[in-house]
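First to last, the protein sequences are chains A and B. Residue 26 is where the first sequence starts when you use our numbering, and the numbers rise one by one after that. Residue 1440 is where the second sequence starts when you use our numbering, and the numbers rise one by one after that.
Treat the hints with care, since some could be wrong.
Claimed, not checked - Footprint (simulated), chain B over chain A, 3 or more residues, beta carbon under 8 Å: (1) 92-105; (2) 136-143; (3) 188-200.
Said to hold, decoys possible - FRET-style restraints, in silico, Cβ to Cβ: (4) A:ASP178 with B:LYS1694: 30 to 40 Å; (5) B:GLN1652 with A:PHE129: 44 to 54 Å; (6) B:GLU1727 with A:ASP114: 48 to 58 Å; (7) A:CYS143 with B:LYS1465: 32 to 42 Å; (8) B:GLN1652 with A:VAL44: 55 to 65 Å; (9) A:ARG134 with B:LEU1742: 56 to 66 Å; (10) B:PRO1464 with A:GLU215: 30 to 40 Å; (11) B:GLU1699 with A:GLU140: 41 to 51 Å.
I should point out that these hints are in silico values taken from the structure, not numbers from a laboratory. Just so you know, even glycine gets a beta-carbon here, dropped at the ideal spot from N, CA and C.
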Amino acid sequence: MVKGYARVLAVGCGGCTSVCLAGGQKETLGLAEDLAECARRVGVKMEIATFTAERQCNGEFLAEVGEHARECDCLVSLACGAGVQNLADAFAAKPVFPALDTRFVGIDRDVGLYEERCRTCGTCQLAYTGGICPVTRCSKSLFNGPCGGTSGDGKCEVSMDIPCAWHEIYERLKAQGRLESMLALHPPMEWIDKGPATVVQRGYEGRYAGRGQEGKS
Amino acid sequence: MRSGSNLEKVLAAGHFAVTAECGPPKGSDLAVVRTKADYLRGKVDAANITDNQTGVVRMSSIATGALLAPLGVEPVAQMTCRDRNRIGMQSDIFGLSALGIRNLLCLTGDHPSFGTQKGAKKVFDIDSTQLISMVKRLRDEKKTLGSEETILGEIPVFIGAGVNPFARPYEFRAVQLRKKVDAGADFIQTQGVFDMKLFREFMKAVCDLGIPQRCKILAGVLPLKSLGMTKYMAEKVPGVVIPEQLMKRMASVPKEKAGEKGIRICLETIEELRTMEGIAGIHLMAIEWEQRVAEILERAKLLPRPIV
Chain A
26 MVKGYARVLA VGCGGCTSVC LAGGQKETLG LAEDLAECAR RVGVKMEIAT
76 FTAERQCNGE FLAEVGEHAR ECDCLVSLAC GAGVQNLADA FAAKPVFPAL
126 DTRFVGIDRD VGLYEERCRT CGTCQLAYTG GICPVTRCSK SLFNGPCGGT
176 SGDGKCEVSM DIPCAWHEIY ERLKAQGRLE SMLALHPPME WIDKGPATVV
226 QRGYEGRYAG RGQEGKS
Chain B
1440 MRSGSNLEKV LAAGHFAVTA ECGPPKGSDL AVVRTKADYL RGKVDAANIT
1490 DNQTGVVRMS SIATGALLAP LGVEPVAQMT CRDRNRIGMQ SDIFGLSALG
1540 IRNLLCLTGD HPSFGTQKGA KKVFDIDSTQ LISMVKRLRD EKKTLGSEET
1590 ILGEIPVFIG AGVNPFARPY EFRAVQLRKK VDAGADFIQT QGVFDMKLFR
1640 EFMKAVCDLG IPQRCKILAG VLPLKSLGMT KYMAEKVPGV VIPEQLMKRM
1690 ASVPKEKAGE KGIRICLETI EELRTMEGIA GIHLMAIEWE QRVAEILERA
1740 KLLPRPIV
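Looking at chain A on its own, in the form it has when it is part of the complex (with noise of 0.2 Å):
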């Protein structure tokens, strides 16, 4: 991504990719030195630069990007998506890449292990399957129960190592005594992801007058 530019600057966060050991100010320098030792390999000439934001997805904290943009000629964010499209629109006029996939939205299991919990589809089913969202952790995202493959003493069909939410939401439920609100037909989910979404919080329509209508493209 960064072949043929001469000084590179690597911009980390402090957020997110930062508490997920992947994206903070120890793994921005330790790209930049990775970066560095591949351009000597190849007898490139590259200097490379670092600074972490705060945060990318803010657009205050970029500002203490800049002075160290102006010399470089592109960006490489260690940000999620979102940070890296907002460091993108921040500096329209470089390029910028980005340095990691996101994976999810999860939960720090444990040290260097995480798990995904939400795929943010905007209607929250949370409140009918005990806690377990069948969006995210099935893999077929269902809503009226397993499917039929479910295997062993209760894994999903892709994966022994993957535990068949629908298996879990069942037990969750029959331990509390809420079985019934699995048993009523779920209709078909609204699907919000019409389009780009923004939101505008309660009190601050005035302000942003006639944004934040959820996807509506």
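Following the hints, put chain B in place on chain A, whose structure we already have.
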């Protein structure tokens, strides 16, 4: 009559129904379909045309079904939720109705990670239960999902659903079946029955819920061709459970006699199912073994098929 299909008529007349399976070709060559039609014609009440099973690209179920009907085999088209959203599905349901297909089995679909298109974006816009109710709405109310506009023409389809009594949570599967019947399923085809004890428990729960009075249940029967296939089914096919005892029986005979052993086991299974409360027929899944369907049904005394 909801569809007037042969399968519906056979079941309505109280006959013990027989359906089989017919996998479409991996390409546009119809020769395979013609050969399979020759094996099945007059031997079964209808034949399921699988919908890109295991995520391997094949000729579409609807196209194959429409081509099979003039060859004298009534098709049961299959539709999974994996490859199309609700727009594509409803459009295809219009199409299959216009092409004269009168049976439609509504399924979830195998995950794409099994097949040859592992990088495919899976759809699963709606699930199989929602698909059943969508087809029922098209047929009985003549309306597409979420629209009040009346569609043009009829959608006379006999609506089918699948169930796997051998997957956990066992005690939920009968209740889940009732959900599918509430949604509009007219007939059910079960996963292949190998564990008779578990199946009897399942059917008792199904009968206690009064499901056979509202919906016809065809038990899945799958003849085992060899020990290798038995092991493959047990290890690789999602949701299939083969009891230890059965595995031993398949292993007890030399390779050249395994096919006959498999057919005998299959005949024993059919015999038990014929007298089981709530069972209205069998769905014989002779996978790439269609040439033995007539022999199995002859030996099971299920031929000739009733003319209704």
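The hints, checked one at a time:
1. For a cut-off of 8 Å, the count of residues in the stretch 92-105 of chain A with a CB near a CB of chain B stands at 0, and the three-residue condition is violated.
2. For the stretch 136-143 of chain A, the proposed coverage by chain B is not satisfied: 0 residues have a C-beta within less than 8 Å of a C-beta in that chain, short of the threshold of three.
3. With 4 residues bearing a CB less than 8 Å from a CB of chain B, the stretch 188-200 of chain A meets the requirement of three and the coverage assertion stands.
4. At about 33 Å, the CB distance of ASP178 (chain A) to LYS1694 (chain B) agrees with the hint of 30 to 40 Å.
5. The hinted window of 44 to 54 Å between GLN1652 (chain B) and PHE129 (chain A) holds, with their beta carbons roughly 46 Å apart.
6. Taking 48 to 58 Å as the suggested C-beta distance range, the pair GLU1727 (chain B) and ASP114 (chain A) conforms, at roughly 56 Å.
7. Taking the beta carbon of each, CYS143 (chain A) and LYS1465 (chain B) are about 38 Å apart, inside 32 to 42 Å as hinted.
8. Look at GLN1652 (chain B) against VAL44 (chain A): about 57 Å separates their beta carbons, and that is inside 55 to 65 Å.
9. Restraint check, ARG134 (chain A) to LEU1742 (chain B): a C-beta distance of roughly 58 Å satisfies the suggested window 56 to 66 Å.
10. Between PRO1464 (chain B) and GLU215 (chain A) the beta carbon distance is about 38 Å. The supplied range of 30 to 40 Å therefore holds.
11. At about 50 Å, the beta-carbon gap between GLU1699 (chain B) and GLU140 (chain A) stays in the expected band of 41 to 51 Å.
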